[in-house]
Structures are given as C-alpha cells and as structure tokens.
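> Each chain, letter by letter, is given below.
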Amino acid sequence: MRASALCLALAAVGTVPRPVLAHHSFAMFDTARRVTMAGTVTGFEWTNPHAYIEIDVPDDKGTIKHWSVELGSPSILMQGGWKFSDVKVGDKITVVISPLRSGEAGGLLSQVTLRDGRVLGNGPGPGGQR
Amino acid sequence: MTSAAGRWAVRRSLWAGPFAVMSCALLVWTVQANAQTPPDLSGTWAPYRAGRGADPALTPPPPSPIVLKPQYAKTYEARRAAEDAASKRGEPLGTAAVQCVPYGFPRMMAVALYPVEIIQRPSQVTIITEAFSEVRRVYMNQPQLPVEEVPPGYYGHSVGRWDGETLVVDTVAIKESVLSYQNMPHSSQMRITERIRLVTPDMIHDQITIDDPIVLEKPVVYTLAYRRMPNYKMVEFVCENNREYVDEKGAVRMKVRGK
Chain B
1 MRASALCLAL AAVGTVPRPV LAHHSFAMFD TARRVTMAGT VTGFEWTNPH
51 AYIEIDVPDD KGTIKHWSVE LGSPSILMQG GWKFSDVKVG DKITVVISPL
101 RSGEAGGLLS QVTLRDGRVL GNGPGPGGQR
Chain A
1 MTSAAGRWAV RRSLWAGPFA VMSCALLVWT VQANAQTPPD LSGTWAPYRA
51 GRGADPALTP PPPSPIVLKP QYAKTYEARR AAEDAASKRG EPLGTAAVQC
101 VPYGFPRMMA VALYPVEIIQ RPSQVTIITE AFSEVRRVYM NQPQLPVEEV
151 PPGYYGHSVG RWDGETLVVD TVAIKESVLS YQNMPHSSQM RITERIRLVT
201 PDMIHDQITI DDPIVLEKPV VYTLAYRRMP NYKMVEFVCE NNREYVDEKG
251 AVRMKVRGK
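Going line by line, the protein sequences match chains B and A.
Note that our numbering has the first sequence beginning at 1, numbered continuously upward.
Note that our numbering has the second sequence beginning at 1, numbered continuously upward.
These are calculated hints, taken from the structure and not from any lab test.
One or more of the hints may lead you astray.
Unchecked claim - Computed beta-carbon distance windows for the label pairs:
hint	chain 1	residue 1	chain 2	residue 2	range
1	B	63	A	198	55 to 61 Å
2	A	195	B	36	46 to 52 Å
3	A	40	B	58	53 to 59 Å
4	A	74	B	63	52 to 58 Å
5	B	115	A	230	28 to 34 Å
6	A	188	B	115	53 to 59 Å
Said to hold, decoys possible - Listed below are the simulated BS3-like cross-link pairs for lysine-lysine, each with C-alpha atoms no more than 27 Å apart in a straight line:
hint	chain 1	residue 1	chain 2	residue 2
7	B	65	B	92
8	A	249	A	88
9	A	255	B	92
10	A	69	A	218
11	A	233	B	88
12	A	249	A	74
13	B	88	A	255
14	B	61	B	92
15	A	88	A	74
16	A	255	B	83
17	A	74	B	65
18	A	255	A	88
19	A	175	A	74
20	A	249	B	83
21	B	88	B	61
22	B	65	B	88
23	A	218	A	74
24	A	175	A	218
Note that the structure is predicted; figures quoted are calculated from it, not measured.
The C-beta atom is built at its ideal place from N, Cα and C for all residues, glycine as well.
Here chain B stands alone, though its shape is the one from the complex (with noise of 0.2 Å):
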C-alpha cells in the first residue's frame, strides 16, 4: 500500500508537460554550439516534414567539403517570413548551423544569409522553430 501510494506520488510530481514537437526532438543536434560556413548551394528542398538546404563549403585549402542543412518545415519557415524561392541553387549564402553531435557533416539551421543580404531564422521568433 505504502509503495503504490510513493508510486502515485512520483507519477503526479514527476511528470512535467512537454510541448509536442511536429517531427522530433533535437537533441541529435548541438544546439549549445554555432558554426558558421559559407558556401554554395547545391540543392534546396522545400518539403515536408522538413525543408533542407544541400551546400557545398571550401574549407582555408579549397577542400570542398559537402552539408545537409535541416530546417523546419515549410508551414514554420512562411510563419517566419520564407518563401519557397529564396533559395536556389548557385546561390552564395552563409549558414549558421547547430552541427550533429554525430560528427557527420548535417546540423540544424540557426540562421541563413541569403544572396540579397537579408537574413532569416528557422522559424518565427528569435532562433526560430527547430
């Protein structure tokens, strides 16, 4: 009896609501670091669940070294002022990513500098919807 009552105990305090998230959690991600990479765009995929960005990046030698860039889906992205055309391939952009802890070459997008120089998020809001 005494044990079911600390069950029940512990299943009411230690349960903290959680926000649904669309697709999955991030912490796949090292949202604690930003690397920022510039380079050019091989591919941009306006898709669901996610949109991405493909971009090839010339390290200090000219070593090309190739990115997959995840962003939000295409709902989130209008809701922070995308368009489904502002990327396209050959464009110069910079990204600012969140980099797999995985070590691969994939991060999650922070910010992006698009070729007319204006900036946008993930999302709406600061940082946007990951």
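Using the hints provided, position chain A relative to the given structure of chain B.
Same frame as chain B, but now just chain A:
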C-alpha cells in the same frame, strides 16, 4: 353603441386573446432561437501558449497532474527517464512521429506552432490540423456509440452538442497504440470530453478532460488555447522527404548526403 360597431368590438375582443398569445409565442421562439444560435468557430487558429508576449489573461490554466495507477506509473516514468537520458546523450529515442506516423487525438491538437482549421456545419464540425494533415469529424446531436461497436482508430468516434455557447465533444475508441496526452498510455475505455468555447472573438479555449478508469487514478484536465489567424491559408503537409530514421539502438538519426 350601434349594432355593427358592437359586433366589431365583440369580434376584436375575441381575436385579441389568441393574437396576443401567438405574438408572445413568436417572441419567445425568436429569443430562444437567437439564444441557441451557436457561435461560429469556423476559421484557422494557431496554438497560443504561455510565455513571452502572451497575454496572461488569455493563456490557459495549468494542467492537472497526471496520476496513473501504479501498474502503469512505473512503466511510464521509466520511459520518460529513458527519454531524458537518451536526449542528454544526444541520441533521442525514436517515436512514431519520426517515421511520419500521425499523432492522433488528442496530441494532434497541439503540435508545435502548427495551425488548425475548424469547419462548422450544424450537422458536423470538422477539425483539420496542418501538421500531418490530420482530420477529426465531430458528429453533432447524435448519441455516442458504444465503444465496443467502433473500430479503434487514431481519431476515434466523436459526437458533439452545444451547451449554450460551448461546444461539448465526447470522443471514444482511440486505438491503444496511439499515445495520449504527454505520451500517457490508455485503455480502450478512455473517454475524452472537450469543452470548446470562444473566450474572446479571436481566442478559443479547448478544455480537455481525459478519463480512463483502467489507467488513471483520476481524470487529467488540461486546456489548449488558440488565436485566430485571419485569412490564413492552411499549408499542405505531405511527409515526402523524411531524412530522420531510427537506428538499431532505437535512437533518432539524420541522413546526411556529405561524405
């Protein structure tokens, strides 16, 4: 008094009573009809949560605690602890949503910042969510079906009625594999009651009460708020480009195209 005038007076007095009664009846009917005309909830609405910029007067009250029966509480808390530990490792646990499986009711009603659309007809209220394009149909003024007669599904069977200016919706037959509020487990006996009302012309509150005599010690009550999005056009959501997957350890991964 002349005989003609007298006859007219008699006739008028004979008609006056029924006319007055009919007039009063019409007046009462009109007043009642106006009083019973439900508010129109049609439109698109965005989740409205407490936090920066939110009007405290319009944000919903805090939810009641989740109190599961002991045999369910242990598993539930263990799962949440595992989720927390996995997230701290940077290896969040996979969920159905990672594989683009819709949330179902009730979680579909509050997914991130995604709007919902309400289409209201006297016989049916339809709720469409933008995330995963989920659809609920609330059949108005019909008796609820016995749960044993409804095939369990993501949205169950919902019936509605107006209680004054509040839309009351009763939902049963949510599939047991479809997790409930805060990923709670539930049984086939779960019943969800919603009281949906306009708290201002541009703000809806949906008070949701989840009762499950098998899983819950007491009903869970929480309220969702939505702000009107004038002229907003719902965006399609077809899960066509899902680069997330669940690896052999059960963790969410993102496919990258670079070497």
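> Against this structure, judge whether each hint is valid.
Here's how the hints hold up against the structure:
1. 63(B) to 198(A): 55 to 61 Å: holds, 60 Å
2. 195(A) to 36(B): 46 to 52 Å: For residue 36(B) against residue 195(A), whose Cβ atoms are near 49 Å apart, the range 46 to 52 Å holds.
3. 40(A) to 58(B): 53 to 59 Å: holds, 57 Å
4. 74(A) to 63(B): 52 to 58 Å: Roughly 53 Å apart at Cβ, these two residues keep to the hinted range, so it holds.
5. 115(B) to 230(A): 28 to 34 Å: For residue 115(B) and residue 230(A) the Cβ distance comes to about 33 Å; the hint holds.
6. 188(A) to 115(B): 53 to 59 Å: Hint holds: Cβ distance 56 Å, inside 53 to 59 Å.
7. 65(B) to 92(B): holds, 15 Å
8. 249(A) to 88(A): holds, 15 Å
9. 255(A) to 92(B): This hinted pair holds, its Cα atoms lying about 24 Å apart.
10. 69(A) to 218(A): holds, 9 Å
11. 233(A) to 88(B): holds, 25 Å
12. 249(A) to 74(A): holds, 22 Å
13. 88(B) to 255(A): Cα-Cα ~22 Å, so holds.
14. 61(B) to 92(B): Measuring from Cα to Cα gives roughly 18 Å; hence the hint holds.
15. 88(A) to 74(A): Holds: residue 88(A) and residue 74(A) sit about 21 Å apart, inside 27 Å.
16. 255(A) to 83(B): holds, 24 Å
17. 74(A) to 65(B): violated, 47 Å
18. 255(A) to 88(A): holds, 20 Å
19. 175(A) to 74(A): holds, 22 Å
20. 249(A) to 83(B): violated, 37 Å
21. 88(B) to 61(B): At roughly 26 Å apart (the allowed maximum being 27 Å), residue 61(B) and residue 88(B) satisfy the hint.
22. 65(B) to 88(B): The given pair, whose Cα atoms are some 19 Å apart, holds under the 27 Å limit.
23. 218(A) to 74(A): holds, 17 Å
24. 175(A) to 218(A): holds, 20 Å
Taken one by one, the earlier hints fail for this structure at numbers 17, 20, listed in ascending order.
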